[in-house]
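Each protein sequence line maps, in turn, to chains A and B. Numbers 9 to 237, taken from the working numbering, label the letters of the first sequence in order. Numbers 9 to 237, taken from the working numbering, label the letters of the second sequence in order.
Be aware that a few hints might be false.
One copy or two, it doesn't matter: identical chains are merged, so the pair holds either way.
Stated by the list, open to error - Calculated lysine-lysine pairs in the DSS-like style (CA-CA distance at most 30 Å, straight line): (1) K15 with K72; (2) K171 with K155; (3) K15 with K155; (4) K171 with K65; (5) K65 with K207; (6) K162 with K15.
Please keep in mind that the hints were generated in silico from the structure rather than gathered at the bench. Keep in mind that this is a model prediction, so the values were computed, not measured.
Given next are the chains, with one letter for each unit.
Protein chains: 2
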Amino acid sequence: MKTYTTKNAVVLVSGGLDSATTLAIATSQGYTCYALSFDYGQRHRVELEAARRVSEKIGVVEHKFIHLNLDSIGGSALTDSRINVPISGLSDEIPVTYVPARNSVFLTLALGWAEVLSAQHLFIGVNAVDYSGYPDCRPEFITAFEKMANLATKAGVEGYSFKIHTPLIHLTKAQIIQEGLHLNVDYSITISCYQPTQKGDACGVCDACRLRAEGFRALNVADPTQYVT
Amino acid sequence: MKTYTTKNAVVLVSGGLDSATTLAIATSQGYTCYALSFDYGQRHRVELEAARRVSEKIGVVEHKFIHLNLDSIGGSALTDSRINVPISGLSDEIPVTYVPARNSVFLTLALGWAEVLSAQHLFIGVNAVDYSGYPDCRPEFITAFEKMANLATKAGVEGYSFKIHTPLIHLTKAQIIQEGLHLNVDYSITISCYQPTQKGDACGVCDACRLRAEGFRALNVADPTQYVT
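Bound-form chain A, shown alone:
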């Protein structure tokens, strides 16, 4: 039996379009939100400033940043500067922008903080439609993680449960944007690009930029992204 005794939620906020929408959804559903962001050695660290803007604008009780040198593990174009970010378009394979076990790492740290906060809800903006190449964005991963989380913590012992919310998991990018616009998300302050400039301008050619731009195009809505000129 699932038991949730609070509406406190830890929301993973990267500063991108998906996590901003996720935070807006959590807020609109009445959750009291605590934002968590990671400085994990990513090359697009300017996104942390975007995360700060997003959390402030949408409104959270607290915003925590955890430092974690995932670049010492490497194995991804996002954490190893020797591996280039692909700019030639999406393929069917798991892209080199996949960061080994990243979502599990982020979710376990969110879980630890949630346990301290007595927050039983975790929100993550994973999406299985437009990012189907990442194994840790699949619904079956989330289900397995939730089961693990309830055994890893005091939850089972003390009679409550953790729930992992993934409100975007089955939406297309256009549907995500539509939902966010409905909730007044200001996408001009978000950064999706894998390799933005120091100023935060988007490259326009990486997978994250392509998917984002296609989403706005499909909706026939003006794209507020600031691209490199």
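On the provided structure of chain A, position chain B as indicated by the hints.
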């Protein structure tokens, strides 16, 4: 179907008695070992020196240290200096030395490194007998974690599996020590204490010290621990 194509292993090494024994077991079973340790803001940080000594003496290909400010999350006597380490003996409740979601966090980071190394084996010295108060030391947690790990990564997609090895899980402390002595583990270089001195001397009264001392006593073997005098 489980598929393991290498005998490379990532072994979590804390510098304590259990993880030293686990590393010795992994080595004796023919695994090529990579040691992983965490500087997570623990008050017993001198254990990291012990971890270095243990990995060097038993022999690993590489020893990686990951920095992670779990103290910013707090919620445990081991990461929050305002919470005292209990010294009055074991109780039936989850002790305040439990660090929220610690083993899940450590294992997900080990998983990330393992994926980069093409290592399919993870070793962790959890024990469900003498530490039954910690939810993340239970066999059902390990089983759930392994299932999650195989969905979180390229494993399933690329046709191999991760295995979480817990060679100590059903052993008493005395049995662990017996196994380690059989494998020539030098316990004098390990530190189990939750609040050792800067020099690494053990307090003798915290739960970790008590369990360790009882183990040596039960075996009728000289305890090589250097206690505060």
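Okay, the hints, checked on the actual structure:
{"no.": "1", "hint": "K15 with K72", "in the structure": "within (19 Å within a copy, 38 Å between copies)"}
{"no.": "2", "hint": "K171 with K155", "in the structure": "both (9 Å within a copy, 18 Å between copies)"}
{"no.": "3", "hint": "K15 with K155", "in the structure": "both (20 Å within a copy, 28 Å between copies)"}
{"no.": "4", "hint": "K171 with K65", "in the structure": "within (25 Å within a copy, 43 Å between copies)"}
{"no.": "5", "hint": "K65 with K207", "in the structure": "within (20 Å within a copy, 48 Å between copies)"}
{"no.": "6", "hint": "K162 with K15", "in the structure": "within (18 Å within a copy, 34 Å between copies)"}
Going down the numbered hints, you'll see the structure goes against none, and every one checks out.
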